Amino acid sequence: MNVLTFIHAFFSDGSHWHGYDGIPTRLTEHLHYSLQALAIAAVIGLPIGLITGHYGRGGNAIALVATGSRALPTFGLLVLMVMWLGFGLGPVMIPLVVLAVPPILVTTYEAVRSVDPSPVDAARGMGMPESRILLQVELPGALPLILGGLRSAAIQIVSTATIAAYVGLGGIGRYIIDGLYQRNYEKVVGGATLVAVLALVTLGVFWAVARVAVSPGVRRSG
Amino acid sequence: MIRIDSVTKRYPDGTVAVDRLSLEIPDRSITVLVGPSGCGKTTTLRMINRMVEPSEGTITLDGVDISRQPVNSLRRSMGYVIQNAGLFQHRTIVDNIATVPRLLGQSKARSRARARELMERVGLDVSLAKRYPYQLSGGQQQRVGVARALAADPPVLLMDEPFSAVDPIVRKGLQEELLRIQEELGKTIVFVTHDIDEAIRLGTMVAVLRTGGRLAQFAPPAELLSSPADAFVEDFLGADRGIRRLSFFPAQALELKKTPIVAVDSTAEQIAARTTPETPYLLVTGLDGRPLGWSEPEDLVAGDIDVARLLPYGRPFAYGTDSLRAALDGAVLSPTGWAVAVDDAGRAVGVVSQQAVGEAIRAAHAKGLTAAKVAG
Ligand SMILES: Nc1ncnc2c1ncn2[C@@H]1O[C@H](COP(=O)(O)OP(=O)(O)OP(=O)(O)O)[C@@H](O)[C@H]1O
Ligand SMILES: [Mg+2]
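Protein chains in written order, with our numbering: chain A, 2 to 223; chain B, 2 to 377.
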């Protein structure tokens, strides 16, 4: 049997499409964890990245945070959190957020730093307050790169959120872990395929968001 | 009036960009700051809208120390135009121009209506309103920059090398446009350039700065050309200062000779009547009065004038609007050594020799006649 047959077998099995272990339920759970982690990471990473980028301060600290947290093993962190906090959503969210903050923070910082300085100078010279300069001049120009950072964070989250299954939670990780345990490779491959499809969908969503959110003037000129 | 009073700017690294500079910038006229690269022009300009704070000295606007005014409202009362326009790439042209009215709390609709009005004022087709900056040429972008600076109708306009990134022909167009706008609006403009020709063309007053941020001379352009304060200014003005100075003397000071002009259908008697000993050549004109070319009188056969064999007449000058510089240029370019004066419609109104131009130059210098600046 090859992978394609596994995939076919998994998705054509009617029992995989409903119930508490059905694909819709597991997908919804997975999306739920992923979106929550992405939202928390964005709420942390975006403002810090925007403000440090605007003032051009703290670049070294950001680089340090970025390398430091990349060195942290996500799975190790999960185990640590479970030992510390017990089972539940919290121990899963923390490693996912730790994973997602650096790409968001670093690209946002870099994106704001790399905005053409002359419109910023012009804006300041015409009496625009700093907050407006950041939100109305720098952010629109930096948006394509910032969305790129969010996109890589989102894809990392989507593929890593499978760890939720290790601590007894749901999500697509369930198929992979249960499948491995039951030596049901059809399930493992099916789960992995779902993760891959979800990552592709994430790419598509970010492409669509960029189409809508990025001004044609920036898209075409940059 | 903007008054700069013994202002010094020392940057944190110790560079003294401006050194005890004092200038009185007159209202409703163009004051140009000119000088070599790094002499402190931009620093001076940016101290006026407090983008840079002076280390010593004060700047007052209508008698009020600007350091006591809220910085953003001060800036909103001064238009600011920079070298590469600094347009907001993510906003359409009309929204770029509407920025300051929007900042001042005007409605979107009103700000946009105002922006469209300004597009016309600066010579931009309103059909460009919905475009993005990348869809415009450099010269058009610069016009947008000027329109954006004018949008809230500020009394003061600060311009930092606004036209230096475009080619010479576009630059000339932008300069003419600025002079026209200035005639209509009468702003107090402070204009930075490193191009002395631009300074002379645009300035009502020109401040020449030397490296180290010291004022070398502050004078109207004609005075700068006629009496540079020192060797530095003289050097900065360049080699053909004498020729350029002629731009300030109207060609109308010339006494034109009207006799040696014959129409292409002249009779032998008419040709003979117009031939005089002091004019070795006759200017042949078409039936519409426009010049066709020069000829020696004996080569002209009445009723059979061969236009192709006439000598070229070089570049005519407009008697009413051009300067002695244009007249001299016309005389130098003409193979006969005579310049042709034309009226607004391009009809020959007289001719003048190199000698006569030279005499007029000497007379003008003697009188120190520096009437209003004339074109060309
Ligand atoms: N932020 C700064 N920190 C330190 N030195 C500066 C700073 N800005 C300008 N300078 C220095 O101050 C001097 C004057 O600079 P300024 O930009 O005012 O010159 P400029 O006359 O506008 O030159 P250019 O024609 O090249 O634009 C230069 O020696 C420059 O290196
Ligand atoms: Mg400069």
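It is worth saying that the hints were derived from the structure and are not from the lab.
Possibly wrong hints are sitting among the right ones.
As the list claims (entries may be wrong) - Once the Cα atoms are required to be at most 25 Å apart in a straight line, the calculated SDA-like pairs of lysine to any residue come out as:
| hint | chain 1 | residue 1 | chain 2 | residue 2 |
| --- | --- | --- | --- | --- |
| 1 | B | 131 | A | 170 |
| 2 | B | 131 | A | 60 |
| 3 | B | 131 | A | 56 |
| 4 | B | 131 | A | 212 |
| 5 | B | 259 | B | 300 |
| 6 | B | 109 | A | 140 |
Unchecked claim - Far from chain A, by Cβ distances over 12 Å, these chain B residues were calculated:
| hint | residue |
| --- | --- |
| 7 | 101 |
| 8 | 273 |
| 9 | 344 |
Stated by the list, open to error - Listed next, the stretches of chain B that the computed footprint assigns to chain A, with coverage defined by at least 3 CB atoms under 8 Å from CB atoms of chain A:
| hint | region |
| --- | --- |
| 10 | 183-195 |
| 11 | 203-209 |
| 12 | 320-333 |
The structure displayed is predicted, hence computed values, not measured ones.
Every residue gets a Cβ at the ideal spot worked out from N, C-alpha and C, and that includes glycine.
These are the hints, each one checked on the structure:
1. For the suggested pair residue 131 of chain B and residue 170 of chain A, the alpha carbons sit about 52 Å apart, so the restraint of at most 25 Å is broken.
2. At most 25 Å may separate the alpha-carbon atoms for a hinted pair to count; residue 131 of chain B and residue 60 of chain A exceed this at roughly 38 Å.
3. A threshold of 25 Å between alpha carbons decides the hint, and for residue 131 of chain B with residue 56 of chain A the separation of about 32 Å lies outside it, so the pair is violated.
4. Taking the CA atoms of residue 131 of chain B and residue 212 of chain A, the gap is near 18 Å; set against the 25 Å cutoff, the hint holds.
5. A distance of roughly 20 Å separates the Cα atoms of residue 259 of chain B and residue 300 of chain B; the hinted pair therefore holds under the 25 Å criterion.
6. Among the hinted pairs, residue 109 of chain B with residue 140 of chain A is consistent with the structure: their alpha-carbon atoms are about 21 Å apart, no more than 25 Å.
7. Once the 12 Å rule is applied to beta carbons, residue 101 of chain B is inconsistent with being away from chain A; the minimum gap is 5 Å.
8. A cut-off of 12 Å between C-beta atoms confirms that residue 273 of chain B is not in contact with chain A; the least separation is 69 Å.
9. No Cβ of chain A comes within 12 Å of the Cβ of residue 344 of chain B; the nearest lies about 45 Å off, and the non-interface call holds.
10. A count of 0 residues in the region 183-195 of chain B with a Cβ less than 8 Å from any Cβ of chain A is obtained; the coverage claim is therefore unmet, three being the minimum.
11. Evaluation of the coverage hint for the region 203-209 of chain B: breached, as 0 residues show C-beta separations to chain A shorter than 8 Å, against a requirement of three.
12. Chain A is given as covering the region 320-333 of chain B, and this is violated because 0 residues of the stretch bring a CB closer than 8 Å to a CB of that chain, at least three being needed.
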